[in-house]
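Undergrad: Letter by letter, the chains look like this.
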Amino acid sequence: MKNESPVAWSLITRVSHWLIAIPVLLDFFIEGGDQSHKVIGYIALGVTCFRLAWGFVSKDEANFRSFPLDAKKAFEYAQNTFTNKKIHYSGHNPLASWTYILMWILVIALGITGFMMGTDQYWGVEWVEEVHETFSHVLMFLVALHFIGIIVDSVKFKRKTWLGMFTGRK
Amino acid sequence: MKSLISAVLILGSLSAFAKVDCTTESKDKWKNQDAFKKELEATYKIKVFKVTEGNCYEIYGHNKEGKKVEIYFNPVTGEKVKERVQ
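One line per chain: the protein sequences are A and B, in this order. All residue numbers for the first sequence refer to the numbering used here, where the first residue is 1 and numbers rise by one. All residue numbers for the second sequence refer to the numbering used here, where the first residue is 1 and numbers rise by one.
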């Protein structure tokens, strides 16, 4: 095959993406406290821990080097989403970078609070449940932002970045 | 933006924190909380007792086998509406 763009996301990166995405979405709808909710949650937690380690060693755009975290630039980027100006980043844009990192942190925080809810000490303790629930809603909000980002990227920038999460190339 | 907010709200209402509804009867028909607790303590070790938004008496605690339980009761009849044993 010729004229192919370089691999942006290796197979490991893509598989870890989906092994976090699918459990997170499933767990949002499977009732808390059910055994399956826990098993699925721990899968997401485990893969997220792996993904964070992968961010230090991978050689593709999954590496944290490819995550610009300049807060000012993220803000600029957010503003420009609603204007005609096109600020182009070939890799992750700073707004997306923040979104992803917050999503991973939330998956871990959900894993920890979820575990706590099942311990004798925190059984029925309301604040733990509320924190877990709030985190899950913030995570879903970020998932919604993630989808909006994909739509903006493909409509405004006419890119097919989303396809890369299946094929590895973008 | 409006459709986004409503989509988030709809998703939120479908979320894993399903609300349990127990009764529509007014509170004066409900069993006395302390008496009901005493009744339950014959079977359960109660850690947390609360009145939920869905008009239930809910307990978190342990059953006779020492297993963790979460149970929703109809506050009028005292019947179990939902039970989860861990």
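Hints listed in this document are in silico derivations from the structure and should not be mistaken for laboratory results. Where a beta carbon is used, it is the ideal one built from N, C-alpha and C, also for glycine. Take these hints with a grain of salt, some might be off.
Unchecked claim - Residues on chain B that point at chain A, a partial pick, calculated with CB under 7 Å:
1) A18
2) V48
3) Y60
4) K68
5) R84
To be verified - Computed list of lysine-lysine pairs in BS3-like fashion (alpha-carbon distance at most 30 Å, straight line):
6) A:K38 <-> B:K45
7) A:K38 <-> B:K29
8) B:K80 <-> A:K38
9) B:K67 <-> A:K38
Undergrad: So, R84 (chain B) near chain A? Judge it on the closest CB pair being under 7 Å.
TA: Since chain A brings a Cβ to about 5 Å from R84 (chain B), closer than 7 Å, the hint holds.
Undergrad: Does the structure keep K80 (chain B) and K38 (chain A) at a Cα separation of 30 Å or less?
TA: Holds, because 24 Å separates the two Cα atoms, which is no more than 30 Å.
Undergrad: Please verify whether K38 (chain A) and K29 (chain B) have alpha carbons no more than 30 Å apart.
TA: violated, 38 Å
Undergrad: Tell me if K68 (chain B) is really an interface residue toward chain A, meaning its C-beta lies closer than 7 Å to one of theirs.
TA: holds, 5 Å
Undergrad: Does K38 (chain A) pair with K45 (chain B) here, judged by a C-alpha cut-off of 30 Å?
TA: Cα-Cα ~24 Å, so holds.
Undergrad: Taking the least C-beta to C-beta distance, is Y60 (chain B) closer than 7 Å to chain A?
TA: Given a least distance of 2 Å, the restraint on Y60 (chain B) holds.
Undergrad: A closest beta-carbon separation below 7 Å is what the hint needs, so does A18 (chain B) meet it against chain A?
TA: At 5 Å from the nearest chain A Cβ, A18 (chain B) passes the 7 Å test, so the hint holds.
Undergrad: Hold the hint about V48 (chain B) up to the distance rule: shortest CB distance to chain A must be less than 7 Å.
TA: It holds, given that the least Cβ distance between V48 (chain B) and chain A is near 4 Å, below 7 Å.
Undergrad: Please verify whether K67 (chain B) and K38 (chain A) have alpha carbons no more than 30 Å apart.
TA: Distance ~17 Å between K67 (chain B) and K38 (chain A) Cα, so the pair holds.
Hint check: a violation occurs at hint 7 only; the rest are consistent with the structure.
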